[in-house]
Structures are given as C-alpha cells and as structure tokens.
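Sequences are here, hints too, so could you generate the full structure?
In terms of the working numbering, the sequence shown opens at residue 3 and continues consecutively.
For the record, the hints were derived by calculation from the structure and aren't laboratory data.
With a straight-line Cα cutoff of 20 Å, these simulated EDC-like cross-link-like pairs (lysine to aspartate or glutamate) come out:
hint	residue 1	residue 2
1	K33	D52
2	K39	D49
3	K5	E25
4	K5	E22
5	K74	E84
6	K32	E22
7	K39	D52
8	K33	E22
9	K50	D35
10	K7	E22
11	K32	D52
12	K33	E43
13	K32	E43
14	K7	E25
15	K7	D35
16	K33	E66
17	K82	E92
18	K32	E42
19	K82	E72
20	K81	E92
21	K48	D35
All of these numbers come straight from a predicted model, not from anything done at the bench.
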Amino acid sequence: MQKIKLTIANRVYPLNVPVEQEEGLRLASKKIDIMIKHFEENYAVKDKQDVLAMCALQLATQTEQETISEAKTNEEINKKLEKINQSIKEIINS
3 MQKIKLTIAN
13 RVYPLNVPVE
23 QEEGLRLASK
33 KIDIMIKHFE
43 ENYAVKDKQD
53 VLAMCALQLA
63 TQTEQETISE
73 AKTNEEINKK
83 LEKINQSIKE
93 IINS
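Given below as structure tokens:
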C-alpha cells in the first residue's frame with residue numbers, strides 16, 4: 003500500500019492504495035475532471051453536486067454499455083462454438 007493524493011473537482015482526497023492501482027486511479031481522476039470541465043462549459047450547471055451526478059451517470063452508462071456489448075459478443079461466440087462443436091460431433095459420428 004502507498005499513500006497518494008488525488009484531486010477531483012478541486013478537492014484533494016488522500017488515499018492508501020495498492021501500488022498497482024495508482025495509475026488507474028490517477029487516470030480516472032483526470033477523466034472525471036475532464037468530464038466536469040465539459041459539463042460546466044456546455045451546460046448551465048452551477049452546482050458542483052449536479053455536475054458530479056452527471057459525471058457519475060455518464061460513467062455508469064459507459065460501464066453498462068460495455069457490459070451489454072460484452073454479453074452480446076460472448077453470446078455470438080458461444081453460438082459459433084456450439085455450431086463448430088456440432089460439426090465436429092457429426093464428423094466423428096459419420
């Protein structure tokens with residue numbers, strides 16, 4: 003574990019994190035700050051909590067879309083594998 007400080011929305015958050023998570027956390031905090039700036043510049047939002055809620059919604063939506071996409075891909079792969087498996091069984095049994 004190591005101590006790091008992340009700044010999100012002009013607030014500093016001291017954290018104890020495993021070394022292997024530091025880079026991901028720093029990238030995530032930068033991504034959040036970029037999103038905050040985007041929402042503040044493009045929407046009439048003055049309350050920081052509203053901006054953070056919009057960021058949370060966007061990030062959660064991205065995660066859910068990736069999960070849905072991955073599930074569809076896995077389903078397609080499984081169907082193809084089943085067809086291949088069936089073809090192999092037919093060849094073996096003939």
